[in-house]
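Using the sequences provided together with the hints, build the complete structure.
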Amino acid sequence: MKTYSIVVFTFLITTIIQAQQTIKPLEEFHNDPYGADVYYKDVNGTLDKYIGTWKYDDGTHYFKITFSKVAGAFFNPNNPDIPTRYDYLKTAFIYKHNGVEIYNHSENATYPYDYIKGDGISSDNVLSLSYTEPSPNGLRGNFANVAIVYSENGVNAPTITWTRYDLPVHTILYADGNGNYPVITPFVIPENMTLTKL
Amino acid sequence: MKRICFILVFSLLCITGCQYNEDQSFSELQDAVVQGRFKVVDYRSIPNVMNHIAWQHINLIPALEQQMAITSNDNPFGTIDLNMIRQVIFEDNPGHGNYTFAITPHEHVTGSFANLVVVVQDGVIVRSYINNYIPSVTHILNYGLTFNEQFTGQIKRYTLEDIGANGTTTAFTGGNGTAHGTPVAIMTLEQGGLTNVSLTPNCDDGDGAGNTGDSMGNDGDTIGSGTGSGGGASTGGSSGGSSSSGSPNPFPDFSCDIYVNTVEYCCNGPDVFIDIICSEVDNVNQFTGGSTASSFNQNTPTTNTAPCSGDDVIVINPPENPCANTDNKIAALNAIMNNEPFKTKLQNLLNDTGGDVEKGVEFNLTTTGWETEEFVGDEMGIQFPDPTTSTYVTMHMHHDGLFPFFSAQDIIESARMFLASGSSLPVSMLVTSQNLYAFVANNETDLNTLMNRSGEGQNYKDFIDIFNRLTHKDAIKQLGCELDLTQCNQEELFNLVEEKIKDFMAKEKTGMKYFKAVKQADGTYKWECIN
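Those protein sequences? They're chains A and B, same order as listed.
Each residue of the first sequence is one higher than the last, beginning at 1 in my numbering.
Each residue of the second sequence is one higher than the last, beginning at 1001 in my numbering.
You may find that some hints are simply not true.
[Unchecked claim] Below are the EDC-like pairs computed for lysine to aspartate or glutamate, each with C-alpha atoms no more than 20 angstroms apart in a straight line:
| id | chain 1 | residue 1 | chain 2 | residue 2 |
| --- | --- | --- | --- | --- |
| 1 | A | LYS90 | A | ASP58 |
| 2 | B | LYS1509 | A | GLU152 |
| 3 | A | LYS24 | A | ASP58 |
| 4 | A | LYS64 | A | GLU152 |
| 5 | B | LYS1509 | A | ASP81 |
| 6 | B | LYS1477 | A | ASP124 |
| 7 | B | LYS1477 | A | GLU152 |
| 8 | B | LYS1477 | A | ASP87 |
| 9 | B | LYS1502 | A | ASP81 |
| 10 | B | LYS1477 | A | GLU27 |
| 11 | A | LYS117 | A | ASP42 |
| 12 | A | LYS69 | B | GLU1498 |
| 13 | B | LYS1509 | B | ASP1462 |
| 14 | B | LYS1507 | A | ASP81 |
| 15 | A | LYS41 | A | GLU28 |
| 16 | B | LYS1477 | B | GLU1498 |
| 17 | A | LYS90 | B | ASP1462 |
| 18 | B | LYS1509 | B | GLU1456 |
| 19 | B | LYS1477 | A | ASP32 |
| 20 | B | LYS1519 | B | GLU1498 |
| 21 | B | LYS1477 | A | ASP166 |
| 22 | A | LYS69 | A | GLU27 |
| 23 | B | LYS1502 | A | ASP37 |
| 24 | B | LYS1507 | A | ASP37 |
| 25 | A | LYS197 | A | ASP81 |
| 26 | B | LYS1509 | A | ASP32 |
| 27 | A | LYS117 | B | ASP1462 |
| 28 | B | LYS1526 | B | ASP1327 |
| 29 | B | LYS1502 | B | ASP1522 |
| 30 | A | LYS90 | A | GLU191 |
| 31 | B | LYS1502 | A | GLU191 |
| 32 | A | LYS197 | A | GLU152 |
| 33 | B | LYS1477 | A | ASP42 |
| 34 | A | LYS117 | A | ASP58 |
| 35 | B | LYS1519 | B | ASP1503 |
| 36 | A | LYS90 | A | ASP42 |
| 37 | B | LYS1507 | A | ASP32 |
[As the list claims (entries may be wrong)] On the chain B side, residues computed to face chain A include the following (Cβ under 7 angstroms):
| id | residue |
| --- | --- |
| 38 | PRO1047 |
| 39 | ASN1051 |
| 40 | ASP1400 |
For the record, the hints were derived by calculation from the structure and aren't laboratory data.
We treat Cβ as the ideally placed atom computed from N, Cα and C, and that holds for glycine.
Written out as structure tokens, the structure is:
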């Protein structure tokens, strides 16, 4: 009975808090100052068409990525002063080079870095993701943006074109709290691909 | 045989050289006698003083005759130098006197020095104490640890009597310089002379003076530079507030002369003496008892009352101006711009902004001066070393191929450096061809919070993602050029990114203040607080 009461109470509090928060379309996220008490929600379902598994295979490079939507996540979960919440896509992916598996990043990996994630809706069919790749110690010093453009013709399976824009690399490297340094070796996943939905 | 001869000759030369220099330094000290206030004394001529010191360390000093070096376990500040003892003479009252001993800092003690003072009245030891002198950051950046007749900063006084006769200590805990117990008094010496005394170490007594809990100099209590007080008098003092009524004031706030004297001689580091000699009346009060003297030796600080306690105290927090009380930080930044070795290194970085490699310099303060270490990041990258307590300033340069702003990694690394640094105002500076930027430590609690939240693992990556998203990506998106960065107007982009970084720094409470310096028409840079 006690446990039941706690669950109900928590549910009510959560509901009340969420009810008080302003909801705006995810498309408007970048317009507001940082830290706004707003839930940027995918009210238009723009992210939904990307959900699922997509594959690219040219014989040398094999890349399979699965998008799933996370709803109502805190934008900065480490800072309780920032109430902003949002919807975004997270990913799991496998990359093989000439049949040799290089990356196999599961959503439920023990060190679950969101290497590729995003919510940047540029237009109805264009999405921007933040991007980096795994490394032996999980730390990367180089980053990129990926633009994915969705298209479908109603006959064949939908496709996305994948274009990566690498950001300038900082070459003075700092250790993290455990004394580990990031690596800045070049990314290995192809920067331009067309993936087909499975 | 040849080698032995060489060593013998070399040793003789060294001994001769040392002797010569020690004689020279003695004569320098004797010059002070001409001023009628000091004379050099041999430790063998003051057995009562030496016995007193020995008694205070009775279980710690094996033999008085053995150039009594108190080891690091005994004295957190350093080793008492028996070669240089000077006596302060009071002509009007010959029975009164101070014996000031230089203390050679331990190697791990950087950024401060100490004197041992034994106060004698008519041949009787009245008290003894150690003054720990912590120069202001502005002083350090201007002059390093050189004290040519000048000192600005904080003085913490510890009574020696707190070291029990059985060798147990109450004032000096930690034993290796990491913890010094509770000082009985703290004062600030700014340009113009003595300022206020705080007798309530962990509580802001509202007098505007420094507080022990404020290691980041937030209240601007260490501002000031290069006050000239040696030989002559730096009399008087500011009158901004006072300690609580009835509290003893071991540093009278008026009519005090401050004598700063550095003696350098071979085979050892320089000895620095600071003597604060107040008017004869005050000296008498200090030396001969009465309320001031009798309560001065207490080893528990007098507790101040309001505004730190009491239920009826109403605290009103005005809207915080993020750039209030940043004068001391701007003074520190200006000192970096105007003094070596910073000035040349900064210019070198500016000269290289057109290249394609990132560069950095770390400035460490040692007992022998500033040591610099330079880093060049090629395409393989270079690992910047972990900061240490001696790291006071870091600079790094973003070449024109990088965004001309601090990165998320720079923010975290600056916080890490600030927390490790022994400086009260550590500085992290960014050099770009556009402008200069700097972070200066401001709030230790917030720095720790930032590191706990974002210092490692997934949280570290989240911090980078959030920063990049909020600043660069959102700016690019706002300008509508996210699919082709070459279409972005660079000036518009940089202005927008700068605004977004300012917003981010304001909301994140990183524990550091954010400054920018724009190049003026005359080629100089002018620092201003951004947030």
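Okay, the hints, checked on the actual structure:
| no. | hint | in the structure |
| --- | --- | --- |
| 1 | A:LYS90 x A:ASP58 | violated, 24 angstroms |
| 2 | B:LYS1509 x A:GLU152 | violated, 46 angstroms |
| 3 | A:LYS24 x A:ASP58 | violated, 41 angstroms |
| 4 | A:LYS64 x A:GLU152 | holds, 19 angstroms |
| 5 | B:LYS1509 x A:ASP81 | holds, 10 angstroms |
| 6 | B:LYS1477 x A:ASP124 | holds, 14 angstroms |
| 7 | B:LYS1477 x A:GLU152 | violated, 25 angstroms |
| 8 | B:LYS1477 x A:ASP87 | holds, 18 angstroms |
| 9 | B:LYS1502 x A:ASP81 | holds, 17 angstroms |
| 10 | B:LYS1477 x A:GLU27 | holds, 11 angstroms |
| 11 | A:LYS117 x A:ASP42 | holds, 15 angstroms |
| 12 | A:LYS69 x B:GLU1498 | violated, 31 angstroms |
| 13 | B:LYS1509 x B:ASP1462 | holds, 16 angstroms |
| 14 | B:LYS1507 x A:ASP81 | holds, 8 angstroms |
| 15 | A:LYS41 x A:GLU28 | holds, 10 angstroms |
| 16 | B:LYS1477 x B:GLU1498 | holds, 15 angstroms |
| 17 | A:LYS90 x B:ASP1462 | holds, 13 angstroms |
| 18 | B:LYS1509 x B:GLU1456 | holds, 18 angstroms |
| 19 | B:LYS1477 x A:ASP32 | holds, 13 angstroms |
| 20 | B:LYS1519 x B:GLU1498 | holds, 17 angstroms |
| 21 | B:LYS1477 x A:ASP166 | holds, 16 angstroms |
| 22 | A:LYS69 x A:GLU27 | holds, 15 angstroms |
| 23 | B:LYS1502 x A:ASP37 | holds, 19 angstroms |
| 24 | B:LYS1507 x A:ASP37 | holds, 13 angstroms |
| 25 | A:LYS197 x A:ASP81 | violated, 39 angstroms |
| 26 | B:LYS1509 x A:ASP32 | holds, 19 angstroms |
| 27 | A:LYS117 x B:ASP1462 | holds, 11 angstroms |
| 28 | B:LYS1526 x B:ASP1327 | holds, 13 angstroms |
| 29 | B:LYS1502 x B:ASP1522 | violated, 27 angstroms |
| 30 | A:LYS90 x A:GLU191 | holds, 19 angstroms |
| 31 | B:LYS1502 x A:GLU191 | violated, 32 angstroms |
| 32 | A:LYS197 x A:GLU152 | holds, 10 angstroms |
| 33 | B:LYS1477 x A:ASP42 | holds, 18 angstroms |
| 34 | A:LYS117 x A:ASP58 | violated, 24 angstroms |
| 35 | B:LYS1519 x B:ASP1503 | violated, 23 angstroms |
| 36 | A:LYS90 x A:ASP42 | holds, 14 angstroms |
| 37 | B:LYS1507 x A:ASP32 | holds, 13 angstroms |
| 38 | PRO1047 | violated, 53 angstroms |
| 39 | ASN1051 | violated, 50 angstroms |
| 40 | ASP1400 | violated, 10 angstroms |
The structure fails hints 1, 2, 3, 7, 12, 25, 29, 31, 34, 35, 38, 39, 40 (numbered hints given earlier, in ascending order).
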